[in-house]
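Participant: The whole structure should be built from the sequences, with the hints applied where relevant.
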Amino acid sequence: MAIVALIAGACQEKIDIKLKNAGPYVVIEGNLSDNIAEPARVFVTESADYTDTVFFHPLHDAVVTISDGFLTDTLKEFNAMGIYLSPNIHAVVGKSYKLSVFVKGQLYESISAVNPPVNIDSIYKSTSNSNKNRLSFNFRDPLGITNYYKVGIQVNGLERGINNVADDRLTDGKLKTLVVNPGFEFQANDSINLSLLSVDQGVYTYFYTLNQNTGRNSGAPANPVSNITNGALGYFNAYSVTTKTFIYP
Amino acid sequence: MQKIKCAFKSYCFIVFFFSTGFLSAQTSYTISGSVTDAGNGEELIGTSVTVKGSAGIGTITNGYGFYSLTLPKGNYVIVYHYLGFSDIEKEVKLESNQQFNVKLQQAQRELKQVEISAHKNDNLKKAEMGVSRLDMKELERIPVFFGERDILKSIQLLPGVKSAGEGNSGFNVRGGGTDQNLILLDEAPVYNASHLLGFFSTFNSDAVKDVTLYKGNSPAEFGGRLSSTLDIKMKEGNDKKYVISAGIGIVSSRLSIEGPIVKEKGSFIITGRRTYADAFLPLIPARNGNTSFKNSTLYFYDINAKANYRIGKKDRVFLSGYFGRDKFGIKNQTSFSIDYGNLTGTLRWNHIFSSKLFSNTSFIVNDFDYTVEINSALTDLKIRSVIFDYNFKQDFSYYSNAKNAFKFGLLSTFHTIQPGNVVSNDTSRANRLTLTKKYGWENGIYVQHEWTPNNKLQVSTGIRLSTFSSTGPSTFYTYNKEGVATDSTYMKLGKIGKTHVNWEPRFTLSYNFLPDHSIKFAYARNTQNVHQLSNSLIGSPTDQWILSSNNVKPEIADQVSLGYYLNFWKDRFEFSIEGYYKHLWNQIDYKNGAVLRANELVESQLIYGTGRAYGAEFFLKKKTGKFTGWISYTFSRTERTFKEINDGKYYPAKQDRTHDLSVVLLYQVLPRLSLSATFVFYTGNAVTFPSGKYFVNGTIQNVYTERNGYRMPNYHRLDFGLNYDLKTRKTFEHSIAFSIYNLYARKNAYTIQFQPNKDDPRQSEIIMTYLFRIVPSLTYNLKFTVPSPKKKVKDVQ
Chain A
3 MAIVALIAGA CQEKIDIKLK NAGPYVVIEG NLSDNIAEPA RVFVTESADY TDTVFFHPLH
63 DAVVTISDGF LTDTLKEFNA MGIYLSPNIH AVVGKSYKLS VFVKGQLYES ISAVNPPVNI
123 DSIYKSTSNS NKNRLSFNFR DPLGITNYYK VGIQVNGLER GINNVADDRL TDGKLKTLVV
183 NPGFEFQAND SINLSLLSVD QGVYTYFYTL NQNTGRNSGA PANPVSNITN GALGYFNAYS
243 VTTKTFIYP
Chain B
16 MQKIKCAFKS YCFIVFFFST GFLSAQTSYT ISGSVTDAGN GEELIGTSVT VKGSAGIGTI
76 TNGYGFYSLT LPKGNYVIVY HYLGFSDIEK EVKLESNQQF NVKLQQAQRE LKQVEISAHK
136 NDNLKKAEMG VSRLDMKELE RIPVFFGERD ILKSIQLLPG VKSAGEGNSG FNVRGGGTDQ
196 NLILLDEAPV YNASHLLGFF STFNSDAVKD VTLYKGNSPA EFGGRLSSTL DIKMKEGNDK
256 KYVISAGIGI VSSRLSIEGP IVKEKGSFII TGRRTYADAF LPLIPARNGN TSFKNSTLYF
316 YDINAKANYR IGKKDRVFLS GYFGRDKFGI KNQTSFSIDY GNLTGTLRWN HIFSSKLFSN
376 TSFIVNDFDY TVEINSALTD LKIRSVIFDY NFKQDFSYYS NAKNAFKFGL LSTFHTIQPG
436 NVVSNDTSRA NRLTLTKKYG WENGIYVQHE WTPNNKLQVS TGIRLSTFSS TGPSTFYTYN
496 KEGVATDSTY MKLGKIGKTH VNWEPRFTLS YNFLPDHSIK FAYARNTQNV HQLSNSLIGS
556 PTDQWILSSN NVKPEIADQV SLGYYLNFWK DRFEFSIEGY YKHLWNQIDY KNGAVLRANE
616 LVESQLIYGT GRAYGAEFFL KKKTGKFTGW ISYTFSRTER TFKEINDGKY YPAKQDRTHD
676 LSVVLLYQVL PRLSLSATFV FYTGNAVTFP SGKYFVNGTI QNVYTERNGY RMPNYHRLDF
736 GLNYDLKTRK TFEHSIAFSI YNLYARKNAY TIQFQPNKDD PRQSEIIMTY LFRIVPSLTY
796 NLKFTVPSPK KKVKDVQ
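If you're matching them up, the sequences are chains A and B in order.
If you're matching positions, the first sequence starts at 3 in our numbering and goes up one per residue.
If you're matching positions, the second sequence starts at 16 in our numbering and goes up one per residue.
A hint or two may mislead.
[To be verified] Pairs of lysine-lysine, BS3-like flavour, derived with a Cα cap of 25 angstroms:
1. B/Lys-224 with B/Lys-664
2. A/Lys-20 with B/Lys-773
3. A/Lys-176 with B/Lys-397
4. B/Lys-248 with B/Lys-510
5. B/Lys-255 with B/Lys-280
6. B/Lys-329 with B/Lys-256
7. A/Lys-246 with A/Lys-127
8. B/Lys-342 with B/Lys-397
9. A/Lys-16 with B/Lys-762
10. B/Lys-510 with B/Lys-568
11. B/Lys-328 with B/Lys-108
12. B/Lys-664 with A/Lys-20
13. A/Lys-22 with B/Lys-397
14. A/Lys-22 with B/Lys-329
15. A/Lys-127 with B/Lys-346
16. B/Lys-471 with B/Lys-568
17. B/Lys-452 with A/Lys-16
18. B/Lys-762 with A/Lys-20
[Stated by the list, open to error] Where chain B lies over chain A, by a calculated footprint (3+ residues, C-beta under 8 angstroms):
19. 23–30
20. 69–82
21. 157–168
22. 224–232
Just so you know, the hints here were simulated from the structure itself, not pulled from any lab data.
Bear in mind the structure is a predicted one, so any value in this text is a computation, not a measurement.
C-beta atoms are modelled at their ideal positions from N, C-alpha and C, and glycine is treated no differently.
Facilitator: Here is the structure:
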């Protein structure tokens, strides 16, 4: 616990432990936005050994399709990076989409539903500490319906990965404030595009369980609860999004 | 209810039968009374009262110092013996029932050698297994952490008892969870027995008289937790003189005042303790711009108070209480604080019905609560949780004759749990949430028989009927397979819902087959109806408690154990091997991604399975001479199986530790100087480490395969202690205690984290956090006895 470390003046040291090399496991990351300017994007990769000095191993020759129940669109690999794109299909609020990936002789599928978007009220520099790495924003949670949110951030045109999610279990109908702490520092005059995604329960659960593992305190870390079948790691997210721009002072 | 009535009738019948049925050929009479310390009036628990030359026929004093021995008419010499005191022999012409209240004098050191050989093998005869008694005098010499003598740390030096780890509160007995230990302070259960997240226990050893640990084979009078019962009895207070004791240390201090209310009729004791660790926090240099130490609060305090009074010859009343509080807080722009503590209160009445029948009636309240507060520019949240019990306890001891003794009674507990109350002062930010209070009524009725047909065999048989009922006003939910609530029922006040009934047989046999050797066998079943939920690696005082219900079944454990005991070299050494096997049912774990906090439907997050634990415990103790001490080694395994985890295969529980070794050495260099050393070694707990990594959402994540498939690194450390008694005068004793914790500064792992390198995220690192390297401490202890104004006071020791 952070508290104990604080009391004891805890110290840290890098060590070596012999770990098993399990897998490799297929990792699928699918995003389908309601923003027409965004193509459908599915990232298909493979897990690595813990000691490998690499970000990921891309998987090529996967057959990737997204369907809304009537039309099925096939995505094409882009730049041999394991990224499969299509500009032809977008999320529509109220619909459900099915992702299907056939790779390495196995079929992986997932279904995600698109919830109505929620607008961001205001964004401001977080006053909770003097470090330049926090941002806060407000939005009003719609009363009476169950909402799940995910946060996205783009700094100076570059997408940065953050896993913040929230629900409205305790805050239904209230003005919610979320703090974004992406793990890097903002600089003055950074152009920040902050996105609020309305996601479904499966995607919320994925990121919620993912965050539990990254805390120090997890007694029994386990792979996050994925909404993809057949043991794939990762998620499929069909969502609606609102974005607001903010210049960091 | 039917079953309870039936059981009641059964035991009433048994009592009646035994009280009239055991006819002996001659008329018998009873000697009874109490045994106390002549110096301060404290009852001596477990004093042996035997017939001289009878090869061990006799009895021992009970938890209140009362004994009763029934013998055929005749002449006897009765020997009263308690370790550390001079024996008293009394000639008795037994022609009628007689009462002898005996006062034993503390022995001078040289005498100890002689008296022990006359009473060797007492430990071999008793039908008790898996029982450890802490010698409070020995406890004073074991090296300490931060100058604080600690009962919980000391029992972890005994076989079968493992600490839950540095910085963790709680301990594990024979593979059980940290919530499976019944910790009683003067009969009041204590839910959270640690201060400062496990660094100190809530028991001030100045106030403690006797500590007994039962490792799963508790006699039928105890029930409610699966793995152990830790029975702690407080001192009564000196009933002859006023005594003030104090200890002043670097991190904490304590003060104790005791004395008579009416000389030799009643006494009181009050002890208090406080740390001031936070006074040192501002001295810790800010690291990485982290200035949180500057405005932090970190302290705990506790107070024990007790009073007792003798009314006439047959009655005695006791009132005792404990109040303790921990406060930890950080103040930055965000302030975060945790405030938690226990409160216990016990009112007891001893009544001697006859020379054979002793009774104790107790009313007990106990409470544990915590409040977590988060105040920042964005949130203003306060979460409060409480668990509160009322208890009524009635115990009878019936000493039928020299070969038969009975105990029977009942314990009725009413539990109230407020799982969490979320209060936000800024209601625009978060809704107020009050989780439904839960109530439960728990009962235990027991009968126990101790049979000693001769001086080689002792058999203890008991049965406990345990019931648990959910009661209103409360809401109960039913869930389907996916964990969705399909039904909710509201029960109003006074209504009794789901009732669980369990029988718990207890059996121990002890056979002293050769003078210095004995073997023992025991079987016990225990059930548990209060469960602590924790899905974190490090147990926290804010882990919540829940009750058995229509969804949560009582946990059940069956334990068999077999042991061999030996005293050798003229009783200088004590050796034992004890093996056990325990099977556990209805164990609780959590679904992947379980939401346990502030969740009205928390029962939907639970999964249930079974477990097994087995092991062998070795213990060797040298009891006499300048060099004393012990070695304890435990080999054990504890495993669990849940349908939803590891495909239902058995996997090691997180507290599984294969090898656990403790060595304690005490060396009395000079009459006033003693040195001590403790060495602890154990192999690592079972943990879940990653077996790979992958990339998702722009971040590197770890791949996990099976639960608890890895081990933490081995833990070991050496502590050293020194006790020096300064020059004493008649009424004033003082001493200095110096100790060093972790003498060779071993970096023992507290947590191990797996994360990408900050500069090159393609590389993944393993970071170990460790807490304490060398920690010295110094405490000055003093004891001042207020001299009686007129009489000449003869100090003992």
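Participant: Each hint should be assessed against the structure and marked as holding or not.
Facilitator: Against the structure, the hints:
no.: 1; hint: B/Lys-224 with B/Lys-664; verdict: violated, 46 angstroms
no.: 2; hint: A/Lys-20 with B/Lys-773; verdict: holds, 21 angstroms
no.: 3; hint: A/Lys-176 with B/Lys-397; verdict: holds, 18 angstroms
no.: 4; hint: B/Lys-248 with B/Lys-510; verdict: violated, 36 angstroms
no.: 5; hint: B/Lys-255 with B/Lys-280; verdict: holds, 9 angstroms
no.: 6; hint: B/Lys-329 with B/Lys-256; verdict: holds, 24 angstroms
no.: 7; hint: A/Lys-246 with A/Lys-127; verdict: holds, 14 angstroms
no.: 8; hint: B/Lys-342 with B/Lys-397; verdict: holds, 15 angstroms
no.: 9; hint: A/Lys-16 with B/Lys-762; verdict: holds, 12 angstroms
no.: 10; hint: B/Lys-510 with B/Lys-568; verdict: holds, 19 angstroms
no.: 11; hint: B/Lys-328 with B/Lys-108; verdict: holds, 22 angstroms
no.: 12; hint: B/Lys-664 with A/Lys-20; verdict: holds, 24 angstroms
no.: 13; hint: A/Lys-22 with B/Lys-397; verdict: violated, 43 angstroms
no.: 14; hint: A/Lys-22 with B/Lys-329; verdict: violated, 69 angstroms
no.: 15; hint: A/Lys-127 with B/Lys-346; verdict: holds, 21 angstroms
no.: 16; hint: B/Lys-471 with B/Lys-568; verdict: violated, 41 angstroms
no.: 17; hint: B/Lys-452 with A/Lys-16; verdict: violated, 46 angstroms
no.: 18; hint: B/Lys-762 with A/Lys-20; verdict: holds, 19 angstroms
no.: 19; hint: 23–30; verdict: holds (count 6)
no.: 20; hint: 69–82; verdict: violated (count 0)
no.: 21; hint: 157–168; verdict: holds (count 5)
no.: 22; hint: 224–232; verdict: holds (count 4)
Hints 1, 4, 13, 14, 16, 17 and 20 from the list above are not met by this structure, while the remaining hints are.
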